[in-house]
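Chains as they are written, first to last, in this note's numbering: chain A, 6 to 466; chain B, 6 to 466.
Hints were generated in silico from the structure; no laboratory data involved.
All clues stand as given, with none of them false.
The list makes no distinction among identical chains, and a pair is therefore deemed to hold if it is satisfied within one copy or across any two copies.
Restricting the straight-line Cα-Cα distance to at most 30 angstroms, the calculated cross-link-like pairs of lysine-lysine (DSSO-like) are: (1) Lys-363 with Lys-188; (2) Lys-13 with Lys-70; (3) Lys-67 with Lys-434; (4) Lys-439 with Lys-70; (5) Lys-273 with Lys-363; (6) Lys-406 with Lys-188; (7) Lys-431 with Lys-400; (8) Lys-431 with Lys-447; (9) Lys-67 with Lys-447; (10) Lys-35 with Lys-13.
Values in this document were obtained by computation on a predicted structure and should not be read as measured data.
Number of protein chains: 2
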Amino acid sequence: MTGEIKNKLEKISKILSESGIEVYSAKELKSYLYDETPPSLGLKPTENVLITKPRNTNEVSKIMKIASRERIPVFVRGGGTGLSGGAVPTAEGLILSTEKMKKMEIDVENFCAVCGAGITLRELIMNAEASGLSFSPHPGDETATVGGMVSTNAGGVRAMKYGVMRNYVLGLEAVLPNGDIIKLGGKLIKNNAGYNMMHLLIGSEGTLAVVTEVVLRLLPPFRKTATIAVPFKTIEGAIEAVVEILRNGTIPLALEYIEREALEIGEKVSGKRWPPKDEANLMVIIEGRNEDELVEVAEKIEEICIGKGASNAFIALGYKEQRDLLEVRSLIYEGMKEKVIEVLDVSVPPAQIPEYVKRCNSVAEKMGFKVVNYGHAGDGNIHQHPLKTEGWEEKYEELKKTFFRIARELGGSITGEHGVGIVKKKDLKEHLSKAEYELLQKIKRAFDPDGILNPGKVVDL
Amino acid sequence: MTGEIKNKLEKISKILSESGIEVYSAKELKSYLYDETPPSLGLKPTENVLITKPRNTNEVSKIMKIASRERIPVFVRGGGTGLSGGAVPTAEGLILSTEKMKKMEIDVENFCAVCGAGITLRELIMNAEASGLSFSPHPGDETATVGGMVSTNAGGVRAMKYGVMRNYVLGLEAVLPNGDIIKLGGKLIKNNAGYNMMHLLIGSEGTLAVVTEVVLRLLPPFRKTATIAVPFKTIEGAIEAVVEILRNGTIPLALEYIEREALEIGEKVSGKRWPPKDEANLMVIIEGRNEDELVEVAEKIEEICIGKGASNAFIALGYKEQRDLLEVRSLIYEGMKEKVIEVLDVSVPPAQIPEYVKRCNSVAEKMGFKVVNYGHAGDGNIHQHPLKTEGWEEKYEELKKTFFRIARELGGSITGEHGVGIVKKKDLKEHLSKAEYELLQKIKRAFDPDGILNPGKVVDL
Numbered sequence: 006m007t008g009e010i011k012n013k014l015e016k017i018s019k020i021l022s023e024s025g026i027e028v029y030s031a032k033e034l035k036s037y038l039y040d041e042t043p044p045s046l047g048l049k050p051t052e053n054v055l056i057t058k059p060r061n062t063n064e065v066s067k068i069m070k071i072a073s074r075e076r077i078p079v080f081v082r083g084g085g086t087g088l089s090g091g092a093v094p095t096a097e098g099l100i101l102s103t104e105k106m107k108k109m110e111i112d113v114e115n116f117c118a119v120c121g122a123g124i125t126l127r128e129l130i131m132n133a134e135a136s137g138l139s140f141s142p143h144p145g146d147e148t149a150t151v152g153g154m155v156s157t158n159a160g161g162v163r164a165m166k167y168g169v170m171r172n173y174v175l176g177l178e179a180v181l182p183n184g185d186i187i188k189l190g191g192k193l194i195k196n197n198a199g200y201n202m203m204h205l206l207i208g209s210e211g212t213l214a215v216v217t218e219v220v221l222r223l224l225p226p227f228r229k230t231a232t233i234a235v236p237f238k239t240i241e242g243a244i245e246a247v248v249e250i251l252r253n254g255t256i257p258l259a260l261e262y263i264e265r266e267a268l269e270i271g272e273k274v275s276g277k278r279w280p281p282k283d284e285a286n287l288m289v290i291i292e293g294r295n296e297d298e299l300v301e302v303a304e305k306i307e308e309i310c311i312g313k314g315a316s317n318a319f320i321a322l323g324y325k326e327q328r329d330l331l332e333v334r335s336l337i338y339e340g341m342k343e344k345v346i347e348v349l350d351v352s353v354p355p356a357q358i359p360e361y362v363k364r365c366n367s368v369a370e371k372m373g374f375k376v377v378n379y380g381h382a383g384d385g386n387i388h389q390h391p392l393k394t395e396g397w398e399e400k401y402e403e404l405k406k407t408f409f410r411i412a413r414e415l416g417g418s419i420t421g422e423h424g425v426g427i428v429k430k431k432d433l434k435e436h437l438s439k440a441e442y443e444l445l446q447k448i449k450r451a452f453d454p455d456g457i458l459n460p461g462k463v464v465d466l
Numbered sequence: 006m007t008g009e010i011k012n013k014l015e016k017i018s019k020i021l022s023e024s025g026i027e028v029y030s031a032k033e034l035k036s037y038l039y040d041e042t043p044p045s046l047g048l049k050p051t052e053n054v055l056i057t058k059p060r061n062t063n064e065v066s067k068i069m070k071i072a073s074r075e076r077i078p079v080f081v082r083g084g085g086t087g088l089s090g091g092a093v094p095t096a097e098g099l100i101l102s103t104e105k106m107k108k109m110e111i112d113v114e115n116f117c118a119v120c121g122a123g124i125t126l127r128e129l130i131m132n133a134e135a136s137g138l139s140f141s142p143h144p145g146d147e148t149a150t151v152g153g154m155v156s157t158n159a160g161g162v163r164a165m166k167y168g169v170m171r172n173y174v175l176g177l178e179a180v181l182p183n184g185d186i187i188k189l190g191g192k193l194i195k196n197n198a199g200y201n202m203m204h205l206l207i208g209s210e211g212t213l214a215v216v217t218e219v220v221l222r223l224l225p226p227f228r229k230t231a232t233i234a235v236p237f238k239t240i241e242g243a244i245e246a247v248v249e250i251l252r253n254g255t256i257p258l259a260l261e262y263i264e265r266e267a268l269e270i271g272e273k274v275s276g277k278r279w280p281p282k283d284e285a286n287l288m289v290i291i292e293g294r295n296e297d298e299l300v301e302v303a304e305k306i307e308e309i310c311i312g313k314g315a316s317n318a319f320i321a322l323g324y325k326e327q328r329d330l331l332e333v334r335s336l337i338y339e340g341m342k343e344k345v346i347e348v349l350d351v352s353v354p355p356a357q358i359p360e361y362v363k364r365c366n367s368v369a370e371k372m373g374f375k376v377v378n379y380g381h382a383g384d385g386n387i388h389q390h391p392l393k394t395e396g397w398e399e400k401y402e403e404l405k406k407t408f409f410r411i412a413r414e415l416g417g418s419i420t421g422e423h424g425v426g427i428v429k430k431k432d433l434k435e436h437l438s439k440a441e442y443e444l445l446q447k448i449k450r451a452f453d454p455d456g457i458l459n460p461g462k463v464v465d466l
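Isolated chain A (complex conformation) (with noise of 0.2 angstroms):
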């Protein structure tokens, strides 16, 4: 740490304990330097940071205002889930945690939560149902916090039906890096009040402006569930059937894509077994009023997979079965982390999982490497895990640039759900045009002249 900048940050630090924020050294607080992308991506944070915890938005305006007197770079955090590095500091400056900001106000008359942007996904699930509503997406980690998720405009396993946290957005107050407070929207389901900022700034990971407080939209409590597994010999049935499905008029809660070999660590993770189970497999959830409905929705999807080549369908109507059923799924990951490079998150046309998928798998196998992948096949985004293999340091990066390369070619994004971060900085720099990868640049200087917040994500100045 050059003598300047670590003055700079021993008069930050006395500055803002004198007025009653936390601050801490990075040593006491180690854990506040990674998030959860993989350790084989080999992202160095920058260890000689200080970690700020302001309990509310005046707080965060009061760090900013000093943060860009000082140019001191500000590197904002919430759960610390995400994948792409986004929360990982990369120089020298300040770890700004939301983790105290816990407001939690639940409007029953208007439907809605306002939310502190540390206020996780678990707390904001609860509060919602304690109220008699619900939080109906389930975008990623019950650890994630509300200021993280919209950040990155979250997206999960119920965006099929559900939508994106995009779609939950009402409103939001944000404090931009030279420490003035914005409201954008309310809560409001409609507003055209001239630019959306409030859209801009979800989805752009920290880089604009620091989210402090969210209006969430709540919807009515849930309905009862059926989870129907089926299993399929190529991924062109599942991709067919999935399309059946939700031409006939049903869209489910859930349209998961899963491989054998992923279901089987999920069985061994969880110690729960999966119904019969082939090459490609759909988890279907669906949603009804009551269980005869439930009953007669999930025959017409049983029958439709069958005439699309699937030997059977296993459907689950009771909690436990569902749940034994969600545990596979979600333990998939916990499974096999040691073994995987990237969790990558590419978005095709829904139809064309097929193809990206196949076409990924043949470049894979001709480089020596073994993909896993599962995935949201109603929307289109599908993850791919490339496992570890000899050399693999060698030789990662074309793999990475060849699927990008592909996903480009079937009109998808390299990132339909993890966001750009470090990771896929550089990517997005190839998979953009050079008008659009400009007008980012602008949006970011309009925003962030001195490029204090979150430096070495999404863009470059």
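For chain A, the structure is supplied; the task is to place chain B on it using the hints.
The following block gives chain B in isolation, referenced to the frame of chain A:
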């Protein structure tokens, strides 16, 4: 017209004609100078404009390149159904009409439509239905164009259940003021690759880029509907019932609030009768899998409404009965168009509608104004129609300002769906904080540094 601009326009006209792009004078197409903004607001279009009708994105790019080189303003025009003067030319230059941009592709496998900007809502609905799918929201007049509806983030009566235009845009192609073509999103449900320029362009009212092509999400075909008309004595009773209906777990397709006087106008124009009405009426449209389900839900809604003070409820299940009710509702505006000063579209937290309406009515009464109200109760978007009265010209500005101040105090927005255009440009500046307004200006400059695209709308450079 100055000689310089005259020469420039003549030169541009020649170049475009030689490229096979149609060009007209404003004398030939006088109606192109106006949109549906009430004449009382006295917008004065600039008549010295040329009207050009490109057929595709490349032709739009060609036009913008020339306009940019010559620094000539360009006004983009869709169906001309806007109510805020967004399509009215405010300076000598070009009107770019999208009416010849009629690309139309339905992708049944990926549940989407790829539309040229000039495709009308009616054409979109018909094409989607002919392919066994549906375009579920109904964002306004069926002669509105896709480009216009995206550029204004159109709302409409079904936003409660199906959301606004923004929720259906998966991808778009647009031309920047300098002629560069950008492609954002695609046939993709999830996309987190960089700042979301697509959502920034949605609702930017043609002031940042010219939207030339849009990928819109389609859904499975529509189900059966029932329409329930419920008369209440007071607006409080009606809105309490709205909250209770939603809490009960039903999200209606539409949940409209209509005052007695508005219904009487609609009856007169349509020649159809509304079932027993009272001061404050609800029109609830529900969607269900079959008639049994509809009757069950409708009866539950009736029970809730009676609990909140309604005397009875009229449940229409037949096609004709429902169409008649819709016709009364649809023709209200037609019947008072001549008398209306402006169609306001404030959006407030839904449960605040009664307070908002009562406070506004009380102010209006004191100032000698009569205001007729109806609107989208379920999503907090109320249409207030102040009627012309003696000497209204002198005092209307104050009335509007007061309404907007009340909206702000209740956490509302000055425009829920009609947008800013010309007519709310000054109000927007007052509605936003200095920091927020400056961000809008920076965004405008990032896209359109010379201010040639729709100048005089939304925000000043």
